[in-house]
Amino acid sequence: MLDFLFFFSGIALILALVLALEAKRSRDFRRRWPPISDDEFVAKCSPGTNRERALKVRRIISEQLGLPYQRIHPDQSFIEDLDCCN
Numbered sequence: 080m081l082d083f084l085f086f087f088s089g090i091a092l093i094l095a096l097v098l099a100l101e102a103k104r105s106r107d108f109r110r111r112w113p114p115i116s117d118d119e120f121v122a123k124c125s126p127g128t129n130r131e132r133a134l135k136v137r138r139i140i141s142e143q144l145g146l147p148y149q150r151i152h153p154d155q156s157f158i159e160d161l162d163c164c165n
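Read the sequence shown against our numbering and you will find it ends at 165, with the numbers running on by one and no gaps.
These are computed hints drawn from the structure, not numbers from a lab.
Be careful, since some hints might not be right.
To be verified - Computed beta-carbon distance windows for the label pairs:
| # | residue 1 | residue 2 | range |
| --- | --- | --- | --- |
| 1 | Ser125 | Pro147 | 21 to 31 Å |
| 2 | Glu142 | Asp107 | 21 to 31 Å |
| 3 | Phe157 | Leu84 | 11 to 21 Å |
| 4 | Glu131 | Cys163 | 16 to 26 Å |
| 5 | Ser116 | Glu159 | 32 to 42 Å |
| 6 | Ser88 | Pro114 | 14 to 24 Å |
| 7 | Cys163 | Leu94 | 15 to 25 Å |
Given the structure is predicted, the values throughout are model-derived calculations rather than measurements.
All C-beta atoms, glycine included, are put in the ideal place defined by N, C-alpha and C.
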């Protein structure tokens, strides 16, 4: 019985640690990448970028990665900033 309680208290501790780390990562993301409008997004894109295409890519990235649309910036990195490959 004691082994059973020890096992589940270890699992609960690991779960609490994972949730705390995820909450910190989410806060850091929100702080670093504030919401921007479509006009601000396009203004940050390279000169000559097609507006409709850029916003379509923004929407796809938001949907596929499950991130808020308004927090997708053109200067984000998929790996470092959006954490999509980890």
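Each hint, compared with the structure:
1. Checked against the hint of 21 to 31 Å, the pair Ser125 and Pro147 passes, with Cβ atoms roughly 23 Å apart.
2. Distance hint for Glu142 and Asp107: a CB-CB separation of about 22 Å, consistent with the stated range 21 to 31 Å.
3. As the Cβ distance of Phe157 to Leu84 is approximately 43 Å, the hint placing it in 11 to 21 Å is violated.
4. With their beta carbons about 23 Å apart, Glu131 and Cys163 fall inside the hinted range of 16 to 26 Å.
5. Our hint of 32 to 42 Å for Ser116 and Glu159 is violated, since their Cβ atoms are close to 24 Å apart.
6. A C-beta distance of roughly 40 Å is found between Ser88 and Pro114, which places it outside the suggested range of 14 to 24 Å.
7. The hinted range of 15 to 25 Å is satisfied by Cys163 and Leu94, whose Cβ atoms lie roughly 24 Å apart.
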